[in-house]
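Asker: Residue-level listing of the chains:
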Amino acid sequence: MKKRNRKLAKKEAVSQRAKVTIRKLPTGVRGLDDILGGGIPEFSFNIIAGTPGCGKTTLAHQIVFANATARKPALYFTVLGEPALKMLRYQQQYSFFDESRLGTAVRFINLSDVVLEKDLNTVLEEIIKEVTATNPGVVVVDSFRTVVRKAMAGAGELEMQSFIQRLAQFLTSWEATSFLVGEYTVDEMRDNPLFTVADGLLWLSQVAERNSVVRKLQIYKLRGVASVPGLHTIRISYDGMQAFSRTLGLIGQRPKPSRRRRLSVGVPELDKMMGGGLLEGDSLLIAGPSGTGKSALATQFIAEGLRKGEPGIMAIFEERPKGYTDRADSFGLNLETPQQKGKLEILYLRPLDLSVDETMQEILDAIKRVGAKRLVIDSLVGFEMALAPGFRTDFRESLYRMIAALTGAGVTILSTVEVEDKFTEMSLSHYTISFLTDDIIRLRYVEIDGQLRKIMVVIKMRGGNHSKDIREYVITDKGVVVIHPRSTDYDGLTTGIPTRTGPRPSQKEETPPEPKAKK
Amino acid sequence: MSRATPKMRDFAERLVVYEAKGNRSSGTKTPVACLVIDKLRPQLATLMGNIGFRALLSRTLALSNTEFPWLRAVHVKAEGSLEGLDELDAQVDPDEIFEGCLVLLAQMLGLLVTFIGEDLTLRLVREVWPKLSLNSLDVGKGER
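Keeping their order, the protein sequence lines are chains A and B.
Per this note's numbering, the first sequence runs over residues 1 to 519.
Per this note's numbering, the second sequence runs over residues 1 to 144.
Simulated from the structure, these hints should not be mistaken for lab results.
Misleading hints may appear alongside valid ones.
Ranges between beta-carbon positions, derived for each pair [said to hold, decoys possible]:
| id | chain 1 | residue 1 | chain 2 | residue 2 | range |
| --- | --- | --- | --- | --- | --- |
| 1 | A | V207 | B | E83 | 49 to 55 Å |
| 2 | A | A70 | B | S133 | 41 to 47 Å |
| 3 | A | A133 | B | D10 | 32 to 38 Å |
| 4 | B | P130 | A | D98 | 18 to 24 Å |
| 5 | B | F98 | A | A208 | 55 to 61 Å |
| 6 | B | P42 | A | N121 | 20 to 26 Å |
| 7 | B | D10 | A | T132 | 39 to 45 Å |
| 8 | B | D10 | A | A70 | 28 to 34 Å |
| 9 | B | A78 | A | A133 | 23 to 29 Å |
| 10 | B | S2 | A | K221 | 50 to 56 Å |
| 11 | A | V213 | B | V92 | 54 to 60 Å |
| 12 | B | P42 | A | D239 | 32 to 38 Å |
| 13 | B | V92 | A | Q161 | 36 to 42 Å |
A short list of chain B residues far from chain A (calculated; beta carbon distances all over 12 Å) [as the list claims (entries may be wrong)]:
| id | residue |
| --- | --- |
| 14 | P6 |
| 15 | E13 |
| 16 | Y18 |
| 17 | E19 |
| 18 | T30 |
| 19 | N65 |
| 20 | A73 |
| 21 | G84 |
| 22 | E87 |
| 23 | L88 |
| 24 | A90 |
| 25 | Q91 |
| 26 | D93 |
| 27 | E96 |
| 28 | T114 |
| 29 | L132 |
Restricting the straight-line Cα-Cα distance to at most 27 Å, the calculated cross-link-like pairs of lysine-lysine (BS3-like) are [as the list claims (entries may be wrong)]:
| id | chain 1 | residue 1 | chain 2 | residue 2 |
| --- | --- | --- | --- | --- |
| 30 | A | K308 | A | K478 |
| 31 | B | K39 | A | K86 |
| 32 | A | K129 | B | K39 |
Note that the Cβ used here is the ideal one computed from N, Cα and C, for glycine as well.
Construct the entire structure; sequences and hints are all you get.
Answerer: In structure tokens:
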């Protein structure tokens, strides 16, 4: 046994000694290094492929500017693609483009003439000449597709393969991490020696659905690292490309502590119904039809947190921030001052081509900025509407991931969802998403004594017991207020048309509304 | 539309003055502004290729033709240099040639600024004349 253990230990020591540490280069693209499993492996030979307009050149530029130094510069070979002047004209609009590094750390070399007038050997010689002279850390050929096209017109397939092999071997031997940029379609991957030789294959695409276009990134392969598989959303803005991993927020989650505080939602009677309040780190869903006070409850939840020194975020998709602060004012709750003090952020998200991942990133950033403990998402219906059509189809799964990621960040979430009241049943939400929330409160209208009144009930609380009462509530100048008595004289409240079980109390005569002014 | 604005002419003049200082003993007949263009050629051709440089210089000539019609006799050679200037000596006043070539340079610099902006243009020029102090294109700001 001892001998076997010694043997194993020796074997392990040898394997550890023999292993090479692959340094990873940052891409300069927010979110992409996580997708790549840490970054681009040093000295790797990579392809950035995709159809026109996907952001291939922008990605290449970001990698170049993230890594180039005067001692280890980046060589950017341009070949018959976008003219260099135009490339510089457009790329300098991005914030990452640092013109002070051009000519020293970042060098652009045009190979168009060589490609047009000479053969593959001369192209390779030219690259070798420049690489040998500058000793670069990063080399980009944009577009490599045009090199191949020209070469294939005059040379055989074997010659092309030989060229790719020699180029890859040379660049790796010269300790350069290289990127060949090209317009390819997925079908072209088969039987193409380039894709076999490459260590990494970053595929960019644009997916159009109805009037919306969404950019995607897929890491087809990346030798030496464990990248995140699947399609990831990317967005190109003033800061260049940003990538949103499919697993954003799911890695490095904090487990919920075993003993959790109960948080007040700002409505004392509702806290009692919830067994003392909402459990910290829970996700609460408030479901109800329009006008039942979902946003009012959300406002009270955030205001109560602020009162107790817990910063908050409100991600709103329907109402404008002004509407929110005005409503809070009418309840005597001040949301302006906490915003000015950086304790509250109201995120108004209404573009029509959002992805769940982008929204999540925006919320996670805001949580970090203000140190938020409470989060409101108002409403899930509005959120779904703000998404690009392609993301609406898997909204449930995305939402599951988002709620898990956000509660994993340590915040307590209150989300609202609008449901249509039916007078035969009481549905919780049309998404069937209730499985992903810890707690559910249902608001609904009931017809009582010729009036449309409001009731609420705690449907579930994963973390403990809760009241089974169906309570009537009103919305006053204090917000949502649960009214007494605790028990009602009605049966069938959940149907919306209850039947009286107790004596009918005498009602005060209500003053009729003023007649409309006559013209 | 002319790109040889007063600012670009001033920029061109600064380059010509600087280049002339270094070329006093060369004895060449080529106008200094054209020598400046020729010095910029490898730098720009590295960036945009010979084809790109020729296209830029052709456009520069076309823009300058309206102001100096005799420039129609000047052409861009395959390698990107100008031909036809020497033949003009007998037909055009030397001062006029000097002025025309200065405008040619100003047009070229103006085109570069239009395409890639002032900062990058200055950076390219600085790579050719690293000792020339060029902080900006604003008259009076940089050293002359």
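Asker: May I ask which of the numbered hints given earlier this structure violates, with the numbers listed in increasing order?
Answerer: Hints 2, 13, 28 contradicted; others consistent.
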